[in-house]
Amino acid sequence: MSEALLSIRDVHYTHRLSGGVSVPALRGVSLELQPGEIVGIVGESGCGKSTLARAVMGLLAPQKGEICYNGINVHHPQNMAEKRCLQQQRQMIFQNAALSLDPHFSVEEIICEPLRLAQLAPQQGSYREEAAYWLQQVGLDALFLSRRPQQLSGGQAQRVAIARALAARPRLLVADEPIAALDVSLQAQIVNLLRRLQREQGFGMLFIAHDLAMVRHLCHRVAVIYQGRLVEIAPTAELFRAPRHGYTKALLSAMPLPDPRQEKQRQPQYYEQPVSDGGVWHQASPQHYWLAEDGEVGE
Amino acid sequence: MQPLLEVKNLKVTYDSASGPVQAVRDVSLQLQRGEVLALVGESGSGKSALTKSVMRLLPPSAAVEGEVLLNGTDVLHMPERHLRELRGKAMSMIFQDPLEVLNPVLTVRRQIAEAVRLHDPQADTEQRVRELLRLVEIADVERCAASLPHQLSGGMRQRVVLAIALAAQPQLLIADEPTTSLDVTVQAQILDLLKSLQERLNMATLLISHDLSVVARLADRVAVMYAGKIVEIGTAEEIFYQPAHPYTWALLRSLPGFSADEEELYALPGIPPTLIDPPAGDAFAPRNEYALAIDYEQMPPFFRLSETHFAATWLQDARAPRITPPLQRRCGE
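For the protein sequence lines, the chains are Y and E, in the order given. Mapping to the working numbering: the first sequence position 35 is 33, numbers consecutive. Mapping to the working numbering: the second sequence position 313 is 922, numbers consecutive.
Be careful, since some hints might not be right.
[As the list claims (entries may be wrong)] Reference excerpt, derived from the structure (chain E facing chain Y, CB under 10 Å, subset only):
id : residue
1  : Glu651
2  : Leu727
3  : His728
4  : Asp820
5  : Ala828
6  : Ala845
7  : Phe849
8  : Leu874
9  : Ile880
Everything labelled a hint here was simulated from the structure, so no lab data went into it. C-beta atoms are modelled at their ideal positions from N, C-alpha and C, and glycine is treated no differently.
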């Protein structure tokens, strides 16, 4: 078997809040991402999607389990070379990109910073041209090069963050709701761009989103997280055609469609059962797995 | 019948560092009692400026022309002291992020009670708070009333905001991206709640959304805005099944379910015009692959396609070439 680009093994993470309160966010999530693969992560807010993204980026350390990028443990790189490799090859686009941009930097500096840190030569001649090139890719004029984050609208900041992540030539891109804040026409532009670059450059991507139509359009496989547990994972077409877990079924039934006649008749199902720490994995087809509770009959 | 809300030839101009911005350019629309009208369009299309002028929430520096009539009463020239009566009782508004509206250090009970007392000092507030929480279909009323906003889920918070908005039984609810920050299952619940409230209370709703699926679920009629103007207006079925304006086509085509090409989504080229010095003709022309020569010179009038359906595009002129809309519906397959 070829080595996975990203391997997440039995990751547990509990948020410890003040007053001794602890909130479990991830309860034993395992997942592998192959090079060049786009895996969508869906689930309700608070289910642990963003926590997983942050754990993959090494921004928080799981209490149990292990996350490896290309065989390098993201929380314990062995040497400087491994550390650099993690720094440059993994990039993240945050849900609230405006907050992820350093207010002291110009847009040009923001986009080129990862390249400079990795001592990568710009592909477009100069760093300035490189930054202008990426701005144009995300639909922004070169006039923005000298702006600062506080002079950008939410959508513009989001696109600068996307430009920065892509300019770094990542091998793994973790995108946490990258397009939720953008207008419909821009969403299409960014998704086309992500898809094109992903094909050209072959990077792997974790795409976290609540827009199921976009997930369906972009991703090769989809992982469903419910109450901090992975409950189903399958190739995209198969998941949408034949969901097995009750939560997945409810989620897909709630997926809104831009069609008034269908929308006005649609009755979403709801699923509120708790998911235990036990359960048995069933295989529905070669790449389609779902978690059944103990005693629940796996058809 | 007199419409509940009537906007006539509304123009809103803001001052900016680079010159006056024409945020709303001659918009007219009507909203009947119990009706849901959705405003869709990109950021900067004038949706917010339009609703803010209806609520009289624009800054004093904004120049407003035209008329806004609510039940026949002129809203734009109403004295300040009558505005409190207007906001809340006649119309009320909910926003995208409930946390920006709710006071983080007051319980839900106190915040709803405040809204109740403001509009009816004699009311039995305890009783009314419970009624309102039941109205927005909160199961455990007592527990919710005693909670602070951060102790509630996103969906619950939006229900609480809705309870506050409904405290004075408004005739018009303005909902600005009400479900954008919620995930799909909660979104479906809130949309269904809005729909049932609007039917039960015969309340009109002005829904602002960039999510066409949300619009499809809730709206009776849809107005598509571009560069400060309404470019197409019609029933939801007319807009989704027989769209006539190339901008509406572009919005629909960029959705995964509509795109003819499974690989690539349609992305509208170019950027919206600056409204500091808008172009003479149709502002959409430079981005419109079907633009005619006249689009660059003269603003298209509204062409009437049915009793309810109007589109401002020269393509509807008798002399224009016939164009088949570039839409291939694949959703719901």
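### Query
Which hint numbers does the structure go against, in order from smallest to largest?
2 and 3
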